[in-house]
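Construct the complete structure from the given sequences, taking the supplied hints into account.
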Amino acid sequence: MDSPKEPQPSGEFKCQLCGLTAPYTYYGQKPPNTCSIELLEDCYVMKDPFTPDKEKILILGSLCSLCGLSVCIGAECSLFYSKRFCLPCVNENLQAFPLEIQEDMDRRKPQKKSFPGKKMDTRT
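Residue 41 in numbering that gives the first Met the number 0 sits at position 42 of the sequence shown, with consecutive numbering throughout.
Among the hints, a few may not be true.
[Said to hold, decoys possible] Okay, derived cross-link-like pairs now, EDC-like style, lysine to aspartate or glutamate, Cα gap no bigger than 20 angstroms in a straight line:
#1 Lys82 / Glu99
#2 Lys29 / Glu40
#3 Lys13 / Glu75
#4 Lys13 / Glu40
#5 Lys13 / Asp41
#6 Lys55 / Asp41
#7 Lys13 / Asp47
#8 Lys82 / Glu37
#9 Lys29 / Asp41
#10 Lys55 / Glu37
#11 Lys108 / Glu75
#12 Lys53 / Glu37
#13 Lys29 / Glu11
#14 Lys108 / Glu91
#15 Lys82 / Glu40
Simulated from the structure, these hints should not be mistaken for lab results.
Take a look at the structure:
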């Protein structure tokens, strides 16, 4: 009798925004060896390498539902609001998102730091 084999990588996932790469073992909504998990979107998934539990998985990323870009689930690259959206598409279509998402995106924007007690160098 053959023993069950570990899922072999199906390919390499690469986030087209930040460059994160990782081997994935499954793409879809119902990863194998996970009885109770059904994802809300098609995702690139790998077995969690930090645990021997076969039901533990890591979700690497998905495709942007607008432009099709392959993006990781990191907050710097994408957000999930009923579907996955890359941040460039979110920013281009910000008015189409609910106010809560718009406010969240405003908070994510890098703020210019000012140093009120520090004078600029005025040498000429």
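The hints, checked one at a time:
1. Lys82 / Glu99: holds, 16 angstroms
2. Lys29 / Glu40: holds, 10 angstroms
3. Lys13 / Glu75: holds, 15 angstroms
4. Lys13 / Glu40: Holds: Lys13 and Glu40 sit about 17 angstroms apart, inside 20 angstroms.
5. Lys13 / Asp41: holds, 15 angstroms
6. Lys55 / Asp41: holds, 17 angstroms
7. Lys13 / Asp47: Holds. Lys13 to Asp47 sits at ~17 angstroms (cutoff 20 angstroms).
8. Lys82 / Glu37: holds, 15 angstroms
9. Lys29 / Asp41: holds, 8 angstroms
10. Lys55 / Glu37: The hint holds at about 13 angstroms.
11. Lys108 / Glu75: Answer holds: Lys108 to Glu75 is near 10 angstroms, not above 20 angstroms.
12. Lys53 / Glu37: Answer holds: Lys53 to Glu37 is near 15 angstroms, not above 20 angstroms.
13. Lys29 / Glu11: holds, 19 angstroms
14. Lys108 / Glu91: This hinted pair holds, its Cα atoms lying about 14 angstroms apart.
15. Lys82 / Glu40: Judged against 20 angstroms, a Cα distance of about 7 angstroms means the pair holds.
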